[in-house]
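Engineer: Turn these sequences into a full structure, and let the hints guide you.
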Amino acid sequence: MAELIKATNLKKYFETPRGTLHAVDDISFSIDRGKTMGVVGESGCGKSTLGRTMIHLLESSGGTIHFEGEDVTRVNSGKLRKLRENMQIIFQDPYSSLNPRMTVEQTIMEPLTISGRFNKRDRIQETARIMDMVGIDRRLRLSYPHELDGGRRQRVGIGRALALNPKFIVCDEPVSALDVSIQAQILNLLQDLQSSNELTYMFVTHDLSVVRHISDDICVMYLGHLVETCSSKELFRNPLHPYTKALLSAVPSANIHKQQQRVILEGEITSPINPKPGCRFASRCKFVKEDCHQAQKLVEIAPGHSVSCCRVKEINNL
Amino acid sequence: MSENDTMLSVRDLSVEYTSEGKVISAVNGVSFDLKRGRTLGLVGETGAGKTSTAKSIMRILPDISSRITAGEIYLEGKEILCLSEKEMRRIRGRKVSMIFQDPMTALNPIIKVGEQIREVIIQHNSISKKESVARAKEMLELVGISGDRYHEYPHQFSGGMKQRVVIAIALSCNPELLLADEPTTALDVTIQAQVMETIKKLKEELNTSMLLITHDLGVVASACDDVAVIYGGEIIEMGSKEVVFDNPLHPYTQGLFEALPEMEEDAERLKPIGGMPPDPSNLPKGCFFGPRCPHPGENCSTERKQLVEIEPGHFCRCGRALKMENSNG
Amino acid sequence: MDDVLEMGRSMNKNETAETWKRQSQLGIVAKRIAKNPTALIGFIFLVLLVLMAVFAPYIAPYDYTEQNLMNTRSAPSLENPFGTDELGRDVMSRVIYGSRYSLSIGILSVLLGTSIGMFFGAIAGYFGGTVDNIIMRFIDILQSIPGTLLAITVSVVLGPGYFNSMLALSIGAIPMSVRLLRASILGIRGEEYLEAATSINARTHRIILRHIIPNTFAPILVSGTMMIGHVILSAAMLSFIGLGIQPPMPEWGSMIAGGRNLIRSCPHIVTFPGIFIMIAVLSINLFGDGLRDALDPKLKK
Numbered sequence: 426m427a428e429l430i431k432a433t434n435l436k437k438y439f440e441t442p443r444g445t446l447h448a449v450d451d452i453s454f455s456i457d458r459g460k461t462m463g464v465v466g467e468s469g470c471g472k473s474t475l476g477r478t479m480i481h482l483l484e485s486s487g488g489t490i491h492f493e494g495e496d497v498t499r500v501n502s503g504k505l506r507k508l509r510e511n512m513q514i515i516f517q518d519p520y521s522s523l524n525p526r527m528t529v530e531q532t533i534m535e536p537l538t539i540s541g542r543f544n545k546r547d548r549i550q551e552t553a554r555i556m557d558m559v560g561i562d563r564r565l566r567l568s569y570p571h572e573l574d575g576g577r578r579q580r581v582g583i584g585r586a587l588a589l590n591p592k593f594i595v596c597d598e599p600v601s602a603l604d605v606s607i608q609a610q611i612l613n614l615l616q617d618l619q620s621s622n623e624l625t626y627m628f629v630t631h632d633l634s635v636v637r638h639i640s641d642d643i644c645v646m647y648l649g650h651l652v653e654t655c656s657s658k659e660l661f662r663n664p665l666h667p668y669t670k671a672l673l674s675a676v677p678s679a680n681i682h683k684q685q686q687r688v689i690l691e692g693e694i695t696s697p698i699n700p701k702p703g704c705r706f707a708s709r710c711k712f713v714k715e716d717c718h719q720a721q722k723l724v725e726i727a728p729g730h731s732v733s734c735c736r737v738k739e740i741n742n743l
Numbered sequence: 002m003s004e005n006d007t008m009l010s011v012r013d014l015s016v017e018y019t020s021e022g023k024v025i026s027a028v029n030g031v032s033f034d035l036k037r038g039r040t041l042g043l044v045g046e047t048g049a050g051k052t053s054t055a056k057s058i059m060r061i062l063p064d065i066s067s068r069i070t071a072g073e074i075y076l077e078g079k080e081i082l083c084l085s086e087k088e089m090r091r092i093r094g095r096k097v098s099m100i101f102q103d104p105m106t107a108l109n110p111i112i113k114v115g116e117q118i119r120e121v122i123i124q125h126n127s128i129s130k131k132e133s134v135a136r137a138k139e140m141l142e143l144v145g146i147s148g149d150r151y152h153e154y155p156h157q158f159s160g161g162m163k164q165r166v167v168i169a170i171a172l173s174c175n176p177e178l179l180l181a182d183e184p185t186t187a188l189d190v191t192i193q194a195q196v197m198e199t200i201k202k203l204k205e206e207l208n209t210s211m212l213l214i215t216h217d218l219g220v221v222a223s224a225c226d227d228v229a230v231i232y233g234g235e236i237i238e239m240g241s242k243e244v245v246f247d248n249p250l251h252p253y254t255q256g257l258f259e260a261l262p263e264m265e266e267d268a269e270r271l272k273p274i275g276g277m278p279p280d281p282s283n284l285p286k287g288c289f290f291g292p293r294c295p296h297p298g299e300n301c302s303t304e305r306k307q308l309v310e311i312e313p314g315h316f317c318r319c320g321r322a323l324k325m326e327n328s329n330g
Numbered sequence: 002m003d004d005v006l007e008m009g010r011s012m013n014k015n016e017t018a019e020t021w022k023r024q025s026q027l028g029i030v031a032k033r034i035a036k037n038p039t040a041l042i043g044f045i046f047l048v049l050l051v052l053m054a055v056f057a058p059y060i061a062p063y064d065y066t067e068q069n070l071m072n073t074r075s076a077p078s079l080e081n082p083f084g085t086d087e088l089g090r091d092v093m094s095r096v097i098y099g100s101r102y103s104l105s106i107g108i109l110s111v112l113l114g115t116s117i118g119m120f121f122g123a124i125a126g127y128f129g130g131t132v133d134n135i136i137m138r139f140i141d142i143l144q145s146i147p148g149t150l151l152a153i154t155v156s157v158v159l160g161p162g163y164f165n166s167m168l169a170l171s172i173g174a175i176p177m178s179v180r181l182l183r184a185s186i187l188g189i190r191g192e193e194y195l196e197a198a199t200s201i202n203a204r205t206h207r208i209i210l211r212h213i214i215p216n217t218f219a220p221i222l223v224s225g226t227m228m229i230g231h232v233i234l235s236a237a238m239l240s241f242i243g244l245g246i247q248p249p250m251p252e253w254g255s256m257i258a259g260g261r262n263l264i265r266s267c268p269h270i271v272t273f274p275g276i277f278i279m280i281a282v283l284s285i286n287l288f289g290d291g292l293r294d295a296l297d298p299k300l301k302k
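Chains as they are written, first to last, in our numbering: chain A, 426 to 743; chain B, 2 to 330; chain C, 2 to 302.
Where chain A lies over chain B, by a calculated footprint (3+ residues, C-beta under 8 Å):
| # | region |
| --- | --- |
| 1 | 188-194 |
| 2 | 247-257 |
List time: in silico PhoX-like cross-link candidates among lysine-lysine, alpha-carbon distance up to 25 Å:
| # | chain 1 | residue 1 | chain 2 | residue 2 |
| --- | --- | --- | --- | --- |
| 3 | A | K714 | A | K701 |
| 4 | B | K23 | C | K32 |
| 5 | A | K670 | A | K714 |
| 6 | A | K658 | B | K272 |
| 7 | A | K670 | B | K201 |
| 8 | A | K658 | A | K722 |
| 9 | A | K683 | B | K202 |
| 10 | A | K683 | B | K201 |
| 11 | A | K507 | A | K545 |
| 12 | A | K683 | B | K204 |
| 13 | B | K242 | A | K683 |
| 14 | B | K272 | A | K683 |
| 15 | B | K23 | C | K36 |
| 16 | B | K272 | A | K460 |
| 17 | B | K201 | A | K711 |
Here are a few chain A residues that face chain B, going by a calculated C-beta distance under 10 Å:
| # | residue |
| --- | --- |
| 18 | D574 |
| 19 | G576 |
| 20 | D632 |
| 21 | I681 |
| 22 | L690 |
| 23 | E691 |
Just so you know, the hints here were simulated from the structure itself, not pulled from any lab data.
Bear in mind the structure is a predicted one, so any value in this text is a computation, not a measurement.
A virtual CB, placed ideally from N, CA and C, is assigned to each residue, including glycine.
Structural biologist: Below, the structure written as structure tokens:
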């Protein structure tokens with residue numbers, strides 16, 4: 426069975442003083458074993474919430490999650506502990522994701538200690554092995570996070586996530602706080618670990634060039650909705666949803682000879698609190714029509730390429 | 002080109018910080034010229050000295066912890082480092098404005114956005130209240146925000162709109178020089194595109210010169226005329242956008258381009274630059290990039306390199322680049 | 002600029018493994034205090050006072066109860082450097098022994114009060130919601146009663162004595178530590194390392210003890226230190242009005258109370274304990290100030 430994790434009609438709502446915030450609204454997708462699913466979108470689109478809901482850091486408000494074929498949407502605390510050993514997360518900010526009062530060794534060792542499966546000697550050995558694996562010099566064992574640079578801190582975070590040999594990892598913007606030269610080191614490390622440890626990634630980011638580089642498939646999110654999903658190659662060659670098109674064209678390219686025509690969006694992102702039914706991109710979309718204010722469905726336009734837009738065929742002359 | 006074409010000229014600028022008894026050399030002899038109406042992109046990674054350079058030009062470095070140790074800054078041919086604080090205040094906002102990275106902290110949360118723009122206008126112009134309000138509304142319209150929102154507070158605006166208000170403030174007195182410190186880094190790409198478009202349009206309308214500080218080569222490619230790459234507090238490569246992007250000569254610049262995941266091409270693996278940026282409190286002898294350089298020469302670890310004009314208008318601080326260029330040509 | 006400074010701080014320790022040196026956090030704090038002259042003076046005096054309390058029997062020339070009715074109310078002399086009191090007891094010996102009670106009552110009450118406060122503060126800050134509301138309203142009530150009045154009331158109810166005074170005074174230390182810990186927990190609540198701890202299956206008590214308390218401890222440590230000085234004063238006050246430590250125990254406050262009728266004729270009986278109260282409180286406050294700067298260097302620079 427190739428499918429490792431599958432979300433069906435997943436929802437996550439938050440109650441706020443101003444109303445219900447629809448952070449993740451009716452999203453379905455699945456990720457195959459050993460593959461990387463990129464989730465892109467702008468801040469506030471719910472991509473980080475989706476990642477956290479998938480691994481039960483947040484309790485879902487509706488829909489189901491299947492992991493290795495088993496329904497894990499609602500699990501008891503014993504099951505949850507077991508599940509979490511298989512699903513881990515790498516955080517965005519290497520400054521806030523490490524406890525400033527714990528050394529590198531303590532941080533990486535903590536999951537081993539909690540699991541209760543190792544005695545003290547094994548724990549120390551295992552920690553050293555993980556440090557080698559993620560490329561932290563063993564001499565840095567006793568240093569504190571504030572003594573390390575961003576790249577090394579991120580390596581510690583990766584080490585902690587990989588300590589118990591998980592199968593599925595949510596990478597929540599793991600390189601967006603790093604400089605370009607260091608970012609490349611971490612991306613390469615993540616790819617190496619994926620092949621050596623047979624990991625499945627859900628890679629959440631706003632950076633389209635990074636997501637193109639690392640993902641097999643991509644989901645594009647806009648205000649809690651999944652607007653387009655297909656393989657990475659297909660998405661960059663042939664984006665169909667008007668939002669995806671605008672998003673791709675907005676990325677400034679470092680190639681000065683290929684400066685494409687920008688689609689400059691008008692208006693601002695609307696609020697995800699108590700949203701109206703219909704396409705949430707409608708307020709900024711230049712193709713907006715009456716139908717767009719009806720609920721939209723994710724429709725497979727081409728094999729493996731689904732778009733949630735009622736006018737997709739007209740717009741793209743399909 | 003004549004002297005008065007040059008808007009800003011920085012010569013051998015050096016800035017030091019002191020922290021817990023340690024001396025941190027943030028900027029080490031930076032020199033560049035910015036011509037009227039042009040945009041110079043200052044590219045570099047965290048801690049390379051980009052922001053310190055801009056703050057030196059504005060003369061807003063914190064007095065307690067930092068010091069300009071050497072160099073001169075000429076604004077339209079006039080030295081500004083020796084000016085009194087009073088004279089400087091007349092220049093800030095009117096001749097030179099700065100846009101900071103974080104729009105969330107650059108606005109005062111308890112003052113109406115319109116008032117914040119008006120405040121800058123009346124500081125530099127003696128006009129009536131009515132005129133200044135009208136002018137502030139005009140500025141809001143200019144950056145694409147309805148003038149009716151004059152009476153709203155910053156928290157009622159989204160991040161992109163706040164940044165546009167910041168731009169409106171910076172441009173409200175028609176400055177001749179705009180220092181933009183990572184103006185879009187905190188914003189989403191679609192909003193970034195809107196804001197960059199606004200800046201570009203206004204720059205053309207008002208014929209402003211701009212120093213655009215960024216770490217994003219894509220932003221440079223789309224918005225700048227010239228590029229200066231800064232590393233370890235010194236400029237290591239400089240030239241027009243075309244020469245630097247088409248023919249990067251310094252190994253660090255080359256490394257930056259190679260480490261960047263490309264939108265257009267499929268690369269199986271990225272080529273990171275090994276090692277780490279230099280420690281500004283303990284800079285290496287010789288070339289600052291030496292310890293990370295993929296092709297170090299014999300005297301790279303001992304000899305300080307000079308910025309040399311390798312081809313017309315293309316400067317590079319690497320002896321190897323010079324030799325290669327000679328052997329090629 | 003901040004990132005330049007940040008780089009300077011973090012980089013020099015890790016550029017190469019060869020030149021790499023580790024500094025423990027305690028070491029850094031100690032170094033910063035050593036560089037701050039006022040804090041260092043406070044610390045030295047504090048250490049001297051503690052040594053005096055610990056080794057009182059060896060330092061004091063006489064026992065604190067030893068009366069010499071032939072030599073009462075005598076002015077300072079070579080034999081009795083601080084003079085004698087109305088019962089002919091050596092004031093210096095009593096001051097030295099008194100440091101045991103004054104310091105220990107200060108330290109222990111603060112320790113007790115702060116521990117209780119931290120427990121409730123952690124619960125309020127971590128769980129929030131109704132629990133938080135209940136705890137905080139209770140603290141509001143506690144804080145609306147003047148501290149001195151509260152200590153007096155509790156002492157009256159419990160009766161005088163060393164242990165009861167300590168209990169009475171510790172109550173005063175609770176609200177501040179609850180508030181401080183709760184506020185700092187709210188401050189770090191969004192930090193990703195807490196989420197990370199949940200994701201690796203850490204249980205609530207582990208998260209609070211290993212991840213929250215160590216990162217919120219600094220302000221408590223500082224305020225606790227400062228509070229010791231305050232409690233020593235309150236203890237002296239309680240003894241002075243007869244509710245605290247009872248004679249013949251030589252607590253500084255009760256010594257002042259005992260000598261107050263003789264303040265015109267024999268001022269030395271009240272002066273010396275007074276000076277020691279002042280030294281103790283002042284050195285604790287100086288040290289506390291230095292500790293705050295050392296723990297948070299940004300505050301000063």
